[in-house]
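J.: Listed below, chain by chain, are the residues.
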Amino acid sequence: MKLNNLLDALFPAGHTVTVTDQTLTGTATTAAGPVTVLGTMDGAAISHDIALRLADCILQTIESAPGRPLVFLVDTSGQALSRQQELLCLNGSLAHLAQCVDLARRQGHASVSLVNEQAVSGGFLSFGLMVDRTYALADAQVRVMDLKAMARVTKIAHERLMELASNSPIFAPGAESYRRMGAIEAIWEAPSAQLLETALVELAKGAGLADQRMTVGLARGGRYLAADVTAAVLAAD
Amino acid sequence: MNATNGFTPGHSYFEATARQRLQQILDAGSFREFLAPETVEVSPHLAALDLPGAFDDGVIIGAASLGGRRVLVAAQEGRFMGGSVGEIHGAKIVGLLRRAVAERPDAVLLLVDSGGVRLHEANAGLIAISEIMRAVLTVRAAGVPVLALVGGSCGAFGGMGIVAKLCSAILISEEGRLALSGPEVIETVMGVEEFDSKDRALVWRVTGGKHRYLMGDCAELVEDDSAAFRLGALEYLDTHGEPEPSLFTLRAVQQHLSDRMVRFGAYRDGLEVWADLGVAQPQQVPLLDRDSLVALKKGLPA
Chain U
1 MKLNNLLDAL
11 FPAGHTVTVT
21 DQTLTGTATT
31 AAGPVTVLGT
41 MDGAAISHDI
51 ALRLADCILQ
61 TIESAPGRPL
71 VFLVDTSGQA
81 LSRQQELLCL
91 NGSLAHLAQC
101 VDLARRQGHA
111 SVSLVNEQAV
121 SGGFLSFGLM
131 VDRTYALADA
141 QVRVMDLKAM
151 ARVTKIAHER
161 LMELASNSPI
171 FAPGAESYRR
181 MGAIEAIWEA
191 PSAQLLETAL
201 VELAKGAGLA
211 DQRMTVGLAR
221 GGRYLAADVT
231 AAVLAAD
Chain G
1 MNATNGFTPG
11 HSYFEATARQ
21 RLQQILDAGS
31 FREFLAPETV
41 EVSPHLAALD
51 LPGAFDDGVI
61 IGAASLGGRR
71 VLVAAQEGRF
81 MGGSVGEIHG
91 AKIVGLLRRA
101 VAERPDAVLL
111 LVDSGGVRLH
121 EANAGLIAIS
131 EIMRAVLTVR
141 AAGVPVLALV
151 GGSCGAFGGM
161 GIVAKLCSAI
171 LISEEGRLAL
181 SGPEVIETVM
191 GVEEFDSKDR
201 ALVWRVTGGK
211 HRYLMGDCAE
221 LVEDDSAAFR
231 LGALEYLDTH
241 GEPEPSLFTL
251 RAVQQHLSDR
261 MVRFGAYRDG
271 LEVWADLGVA
281 QPQQVPLLDR
291 DSLVALKKGL
301 PA
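Quick note, the sequences are listed as chains U and G, same order. Just so it is clear: in the first sequence, position 109 is 109 by the numbering used here, and no numbers are missing. Just so it is clear: in the second sequence, position 247 is 247 by the numbering used here, and no numbers are missing.
Treat each hint with caution, since some may be false.
[Stated by the list, open to error] If you want a taste of the chain G side facing chain U, the calculated C-beta under 10 Å gives, among others:
(1) Gly29
(2) Ala36
(3) Glu38
(4) Ser43
(5) Gly62
(6) Ala63
(7) Ile93
(8) Glu194
(9) Leu234
(10) Glu235
(11) Tyr236
(12) Pro245
(13) Leu247
[Claimed, not checked] Not close to chain G: a few residues of chain U, all C-beta gaps over 10 Å, as computed:
(14) Asp8
(15) Val17
(16) Val19
(17) Pro34
(18) Asp49
(19) Leu52
Quick caveat, the hints were computed from the structure, so don't treat them as lab data. For each residue, glycine too, the CB sits at the ideal point set by N, CA and C.
Chain U with its partners taken away, still in its complex shape (with noise of 0.2 Å):
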């Protein structure tokens, strides 16, 4: 889908967003008043200087909108994949872009981010699932590696990943896995304004405070032991 495209269906009131270098900043205007809109596109992979301009934008708005709501919209590859980004310890721009989402929660600004096209490994966790709320439209991409690659890293035939795959969410790739698992909110068949208001006046009500993704995964059969086991270490004498 094309950004505008994407932009005028969840902001039909308005938007203003600039892309640089894969990385979309601005606001737009929602029937839930004012949000941050940012995020990436074309399938980025993750850098320093995307992590660090997400992390930017998050920051201004903390300073300069008390409370607005921050809405990312995911596409995402990955992480960069080189020796000059790890040089300079890639995963610890990941970790302050995770920990500038964090602030925002604590400080009062509801998130969500949408999933619209890819989310693969550290890219998302970096801030697609950092949000109160994920959210993806229904042919996103959603995983940790395609089965092929999983089929040659971890030896097991493919046919066999294949046959697994299709009854259990564990490992298949897809935003219903993640769904099902409690990590994915809901799946919208389309961006929907309507959708995108519904969620940031629940959140705005504080929904999002707590980490409800593994209740939520056994509610839905998706992970069930995780909670569980969770729970037994909370109890343990």
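Once you have looked at the hints, place chain G on chain U.
T.: Just chain G now, with coordinates in the frame of chain U:
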């Protein structure tokens, strides 16, 4: 290092198992395990792939004392599936961190030894790491410091590399490695010219403990010895509180990271970075012992 520097050396942290590390670092006899092996389910996701599981799923968690302080601790076992984070493994760490929010111990120690997400449980592992990330920050916001100790054979990679950098501080040994993508992954995808993962000296100059310490990405460099990790953790806790999360702090980090991209962003080897930092003989850095390197860092221009 000589024994007069505060600890008696004896146990390589790198060589030790996770359980040995706990014995060697914590106060003798103080460790109380949560979800001991006989009480935990073995990963059904691995069983579904006909792979052997482990009764602790590769991570040991519990309560202990460290120099008399109350701590909660998790130790990843790099020898089991590369310390990777699967559903049970991840949930044990999340549970420990949530317990820390409730109990307010003096500190949480994460003995990280992990390549990141367990691919056999990929989605569950990725989500678990996201939950660990949020939980670490919640523990810190509650005023409890979280220390990452990195010095095992698997280092701290992938999502666990991000988790380590979300902690209050990282203590790393020269043998420790900290990064996001492993050199093998970069080589496989981008080619051997980009990153030759067989060139161990290069791998250490890019991801190793000395480089991370010189750059300030890790707070302390310690000897490859469990007693040195213990002493390093005690010294850190003696001298640092856990500040409230603040805009001021993250603005300062943002400025620091931005400045260093400008200054070092074009380099591809630790040797170039160290020269720019003011190290007169960068090629000597890999040869220096721990104390000499710490002295060298202290003498660098601010």
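J.: Against each hint, give a clear statement of whether it holds in the structure.
T.: Okay, the hints, checked on the actual structure:
1. Gly29: Hint violated; G:Gly29 Cβ to chain U Cβ min 17 Å, cut 10 Å.
2. Ala36: This interface hint holds because 9 Å falls under the 10 Å limit.
3. Glu38: violated, 13 Å
4. Ser43: Where the cut-off is 10 Å and the nearest Cβ of chain U is about 8 Å from G:Ser43, the hint holds.
5. Gly62: Holds - the Cβ of G:Gly62 comes within 10 Å of chain U, reaching about 8 Å at its closest.
6. Ala63: Check passed: Cβ of G:Ala63 comes within 9 Å of chain U, closer than 10 Å.
7. Ile93: With Cβ-Cβ at 9 Å, under 10 Å, it holds.
8. Glu194: holds, 6 Å
9. Leu234: This interface hint is violated because 25 Å lies over the 10 Å limit.
10. Glu235: With Cβ-Cβ at 22 Å, over 10 Å, it is violated.
11. Tyr236: This interface hint is violated because 18 Å lies over the 10 Å limit.
12. Pro245: Holds. Min distance 5 Å.
13. Leu247: holds, 6 Å
14. Asp8: Given that every Cβ of chain G is farther than 10 Å from that of U:Asp8, nearest at about 30 Å, it holds.
15. Val17: Fine: 21 Å to the nearest Cβ keeps U:Val17 off the interface.
16. Val19: It holds; U:Val19 is separated from chain G by about 20 Å at its closest Cβ, greater than 10 Å.
17. Pro34: Non-interface label on U:Pro34 holds, nearest chain G Cβ at 20 Å vs cutoff 10 Å.
18. Asp49: violated, 7 Å
19. Leu52: The assertion about U:Leu52 is violated, with a minimum of 6 Å to chain G.
Violation of the numbered hints given earlier is confined to hints 1, 3, 9, 10, 11, 18 and 19; the remaining hints are satisfied by the structure.
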